[in-house]
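Asks: One letter stands for each residue in the lines below.
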Amino acid sequence: MTKPLPQPGGGRFVRLAETARPALHLLIDGAPASALEGDTLLVALLMHGRRVRSSEFGDGTRAGFCLMGACQDCWVWDETGRRLRACSTAVTEGMAVRTTPPASLWPVTPEVAARERGEVPR
Amino acid sequence: MTPRRVVVVGAGPAGVRAAQALVEAGVRPVVIDEGRRDGGQIYRRQPEGFTRTHAMLYGSEAAKAQALHSDFDALRAQIDYRSETLAWNVTPGQLHTLHAPSGETATLDFDALVVCAGATDRLMPVPGWNRAGCYSLGAAQIALKAQACAIGSRVVFMGSGPLLYLVAAQYVKAGARVEAVLDTSSAVPTPAALRGLLNRPRLLLRGLALKASLRLAGVTLLNAVVPLRIEGTADAGVSSVVIRDSAGAERRFGCDAVGMGWHLRAETQLADLARCEFDFEPLSRQWLPRIDDCGRSSTAGVYLAGDGARILGADGAEAAGRLAALAALHDMKHERGRAMFAAEHAGLRRTLATMNGFREGLAQAFPWPHAHAAALPNDAVVCRCEAVTAGELRRSVRELGSQELNRAKAFSRVGMGRCQGRYCGHAAAEIVAATASIPVEKIGRLRSQAPVKPLMMSAQEHD
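Taken in sequence, the protein lines are chains A and B. Residue 59 in this note's numbering is what sits at position 59 of the first sequence, and the numbering runs on without skipping anything. Quick note, this note's numbering runs 1000 ahead of the 1-based positions in the second sequence.
There's no promise every hint is true.
Label-pair ranges, simulated between beta-carbon atoms [unchecked claim]:
| id | chain 1 | residue 1 | chain 2 | residue 2 | range |
| --- | --- | --- | --- | --- | --- |
| 1 | A | Arg83 | B | Asn1223 | 39 to 45 Å |
| 2 | B | Ala1106 | A | Arg82 | 16 to 22 Å |
| 3 | B | Ala1224 | A | Thr100 | 42 to 48 Å |
| 4 | B | Asp1071 | A | Thr80 | 36 to 42 Å |
Bear in mind the hints are in silico, worked out from the structure with no lab data behind them. Fair warning: this is a prediction, and the values are worked out from it, not measured in the lab. Just so you know, even glycine gets a beta-carbon here, dropped at the ideal spot from N, CA and C.
Please model the complete structure; the sequences and the hints are all you need to start from.
Replies: Structural data, given as structure tokens:
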């Protein structure tokens, strides 16, 4: 059995092969990040962290589920507020993504805000 | 002769073989593919720039994958191939599509529509499955095949069906750490299941070899387990899986990712929107579109093939795709197509009958654990999209009188979220049926709605 290849740290996914591809650069929530040519946005996000987004229904972080464009659990947004499905969007050089929706699309209701503060037990 | 307008949806094994048959008959079909490249899910092609060989990616099925890919490449000039395109609605004689990257829509008139929409994993909710780090088995395989990644550094696979063992073995081979493979079905198939599986003895042996390779690699394999919960925190995601083993003992497996699935469910939304009749199949406990032995649906001009019609697997999909396309040509009175149909249909139908016998064996060897679904605790999330619990669903039955699945969906929103019931629908049906004390086939079938996947509000159709 081969040993898993080195990680950038803190990622959920583990690269097992195909690491000789050229690097790409992107911004995740404003922070610089790197990916490899051919990576999906979902892979780029999960090489740098353990979540893709947070559930709008207050039950925690989400990291995608089906990876085949069926479950819609990996929605992120570009800087203009356009929605991207991370599992089926390829990373391009200079891409900038947000893992929280623009406030105009999904206003945080008082109920959700309270739940996120842990005030209303589910 | 007027040109025949034939549209094929899907470019997996069924769609590619359907397109190939049409081209051989002299028809130029439109092929709609949601993927970026052909191959479907089973023979999904890795992006350009990846270097793993077919043998590394597809193992024992490498030659079939290679043949499908190269045959499709050879067809490209003779078909109108539209990748990254969603077929989001069917109206009489028309298919409505959206090219995802550009947002461009199209309305395609057809004389015949061959739907090869494939399948997704069939999921049973387990308390905690909404946590980050839980994936479908298909997702675990796509991460590896298409991106050369494992879904975590310590992975538990749970569920039932051939994919459970295949994905686990592929992970081990690729160097990922697999903590356990937890199967809800029993280790020894019933005589009836075995009779079905013996329709394809080589495939049966390959399955047994996969299990043996996992044992050899030191992976814990358990059968007849009851999934109890997936533990972890809302922020960090999953940290362990807890099951009850066949001896009745609770066991915990630490992990940072879970791949789960109970065999497959057919993607039937387009067939539903085309007003095809459906029948409940007691063996697999799912509703399937009615087809004849050549793939004709109950709607004239609409043909169904591949896992979206019957879960026969890739080999069956190749035969079914070709046969459905030939049946379409035959019905359109296409001269060369009629000759091809006459020459081939008996052989293709025999192949499909063998595949179907094996399918019935699989359904019995790896049964959908419907009683587990029906008995989910009230606080278990059933709908991952909107975090709706089993208790809320039961309340819609008990207090609001929703004894029909679409009514329960309207009251509880289970099945109404962004996945449109793909991942909660089968479990929700079991819960509603058990709560109402009505057989599952009598509580109705979740109706499909267009668009079959969410579209941007800005998408507009032009005439």
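Asks: Does each hint fit the structure? Answer for all of them.
Replies: Consistency of the hints with the structure:
no.	hint	verdict
1	A:Arg83 / B:Asn1223: 39 to 45 Å	42 Å, holds
2	B:Ala1106 / A:Arg82: 16 to 22 Å	21 Å, holds
3	B:Ala1224 / A:Thr100: 42 to 48 Å	43 Å, holds
4	B:Asp1071 / A:Thr80: 36 to 42 Å	41 Å, holds
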